[in-house]
Amino acid sequence: MQENLNESKSIYLQIGEMIENEILRDILKEEERVPSTNEFAQFYRINPATAGKGINLLVDEGILYKQRGIGMFVSKGAKEMIRNKRKETFVDQYVKTMLEEAKRLNISKEELIAMISNTEEDK
Amino acid sequence: MSTIIAKGINKKYKDTNALKDVDLTVESGKIYGMIGRNGAGKTTLLSILSAQNPATSGLVTIDGEKVWENQKAIDRICFSREIATTTPFGPNTYKIKDYLKAAEIFYPNWDKEYAKNLVETFKLNPRKKVSKLSKGMLSMVTIIIALASRAEFTFLDEPVAGLDIVARDQFYKLLLKDYEETHRTFIISTHIIEEAANLFEDTIIVKNGEIYTNENTQQLLARVQMVSGSAEEVDALIAGRDYHRVEQLGNTKRATIVMRPGEELKVPETVTVTPLSLQEIFLAVCGEEVEQ
Amino acid sequence: MIKAMRFFEREERVNVLTMVLGSIAMYLYFWILFPQDSIVGGNLHNMYSAFLMMIGAIVMLSDVIQSYSRRYCLMISGGILRKHVFASQVVTQILFAIFNTLVITVVYLVVGTPVTPGKIITILGLLLTAGGMGNLLAVVTDRFGRPAYIVFILICGVLGGMMGGFSAAGELKWVMHFEAIYLFPIGIAVLAISCFLLHRSIMNLEVRS
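Line order of the protein sequences matches chains G, U and S.
So for the first sequence, the working numbering puts the first residue at 2; every next one is plus one.
So for the second sequence, the working numbering puts the first residue at 2; every next one is plus one.
So for the third sequence, the working numbering puts the first residue at 2; every next one is plus one.
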C-alpha cells in the first residue's frame, strides 16, 4: 500500500480504492488474503470502524469475500469486476470533465480526438 | 452495550457559565474525538462526566446509575488529567513512580506490566520528579496512566499537546493497538485535529459551553461542504440553511453549508462543491466569533 | 475506602520517618549543645519523648496542607469517592496520633519515666488538638489563600503568647488552674469542629489538575 490518504474523499472510499488498485496491479492476487481491518487501521492510523466500512463496501460488491474465522480474501474474477465498475465511472470522472474543459477552450470534438490519438502513451 | 448519559448539565463558576444545558450520550466501544476552542468547556465536561467535579445542575448516569459518589460507577471510568507541576503550596514533589503507584491503588483493572512497558517505550525515568518534567514527558505520564488503567471508559484531555510528531504518532499507534485488544471507549480531546481526525469514529464539537454536534465523523464530513460560485448563486444556496464562514472575493463568493444528515446538495453546474477536512469544518463552525 | 487508606498508608510513611528521624536529630542536637553535667544534658533521656511529641504535633499540624496541595485532587481524579477521601484523612490523623502516643509511651517505659493513664490521654489530646488545628489551617488556607495561612499562624502565636504571658503574671487565673488532662476533650472538640469544615470543603473541592 503505497499511497497516502488525503481529504478530498471519504477515508473509507479511499481504503476501498487502494485495495482495488492493489488488485489491478496484481500486488494482491485473486484468492489471496487481504490485511485485516485492524491491520489497515494501524497502518494508516485510522479508526477500525472506518477501515471496516471501506472493506465491507468491497465485500458488498463481491470483490472480496469473508471466510469466517480466517479473514478476508480476494474473490475470483475480482479484477474483471473492478475494471467493469471503473469503466462505468470513467466516463463521468474523466471524459465529461475533459469535454467541459474542451468546451471552455473552444476545442472541437474532432480536435480533441486528434489530440488523443496524437498523444503518445508513456511506456 | 453500555452508555454514559449526561442530562441538562450546567456548570457555573463565579462569573461564567462554563456549560449550558449539555446533553450528551457516550456509547461504549468507540473512540470519540472532542474538539473545541480553548475555554469552550471540554475539560469541565470531561471532569463532570467522570464525577471528578460536581455539576451545578444536571445528572450523569452510566447504564442508568448515578455516577456522582458512586464507587461502582466511577471504577469503570478513568479520566487521566493533565498533571500540575506546581501546587498552591509549592512545587509538586511527587515522582513519576509515585503517580504510577497511586494509579495502581486507584484503578481496579490497572495493568502493571503494560505500564512498565510504556514507561520504557517513552524512555521515561520513573525516579524523576514531575516538577522537573518537560511538557512532553508530562503528557506521556498521563497517557501511560490512561492506557494502563484499562478502564472501560477512558478520557484523555489533550494527551498530545506537548508531544513532538514522533511521540504523537507513537501515541496514535498505541491507542489503536489498545483499542484493537480491548475495544474500550476513549474520549480524546485535542487541538491537533488534522492528524487525529481519522482516528475518531465519532466527533464531539464543544462550542461556548454547548455541544454543537456529537455524531459519526464520516457523516459529519459528508454533510458539511464548501460551495463557491457567483455571489447570487451562493446567496440563493445558503438562504434558509445553516451556513458559516461566508467570504467574498470580487464577485466570487464562498460559504460553508451544514446539511441535515442524509440530505444531498443540489447545485447548479456553475457552483463548485468542495468537501472539507474536520479541521476546516471546525474552523468554519467555531471560528466565527473571531472574524467579527 | 480501602483504596483511600492504602494511598494514605503510603503517604504517611514519610511522616513516620520524619517523626523518628526528626526527634533523633533534635536529641543529637541537644546532646552536642549541652554538656552531660548540665541540667538539660543530664535529663536528655527524659526529654526525648517530648521531642517526639513536638515533631509529631508539627507533622500533624502541617500534614493536611500537604493533602490539600496535592493528595485530594490526585485521589478524587483517581476515582476515590469524596466521602472516602475525607474519612481516610481523619482516620489517618487519629491513627497517627495514637501511633505517636504509643511510641512515646514505649520510650517512657524504656527510659524509666513513670507512666500514668492520665499522662497518655493528655499526650493524645495534645496531638489531636494539633491535628484539628491542622485541619482548620488547611481549610482556611484553601478557602482564603496564602495570606490566611500567615494570619492564622499569627493569631495562634499571639493567643499563645498572651496566655503564657498572662499566666506568668498571675493575671489569668484559669490558665493556671487549667489541668493538662482537659487537653483530651479539647482535642476531641477541636477535631470535631475542624472535621465538619473539612468535610464541607472536600465535598465542594474543585479538581483542577
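To be clear, the hints were calculated from the coordinates, so they are not data collected in a lab.
From a predicted model like this one, the values you see are computed outputs, not experimental measurements.
Any given hint could be a false lead.
Claimed, not checked - Each computed BS3-like pair below joins lysine-lysine, with the alpha-carbon atoms no more than 30 angstroms apart: (1) U/67 to U/117; (2) G/110 to U/267; (3) U/133 to U/13; (4) U/67 to S/84; (5) U/15 to S/84; (6) U/67 to U/96; (7) U/67 to G/30; (8) U/113 to S/120; (9) G/104 to U/267; (10) U/174 to U/31; (11) U/208 to G/10.
Checked hints:
1. U/67 to U/117: violated (34 angstroms)
2. G/110 to U/267: With Cα atoms ~29 angstroms apart, residue 110 of chain G and residue 267 of chain U stay inside 30 angstroms; holds.
3. U/133 to U/13: violated (34 angstroms)
4. U/67 to S/84: Distance of about 16 angstroms is within 30 angstroms: holds.
5. U/15 to S/84: Holds: residue 15 of chain U and residue 84 of chain S sit about 25 angstroms apart, inside 30 angstroms.
6. U/67 to U/96: violated (34 angstroms)
7. U/67 to G/30: violated (54 angstroms)
8. U/113 to S/120: Not satisfied, since the Cα-Cα distance of roughly 47 angstroms exceeds 30 angstroms.
9. G/104 to U/267: Holds, at about 23 angstroms.
10. U/174 to U/31: The given pair, whose Cα atoms are some 16 angstroms apart, holds under the 30 angstroms limit.
11. U/208 to G/10: Holds: residue 208 of chain U and residue 10 of chain G sit about 26 angstroms apart, inside 30 angstroms.
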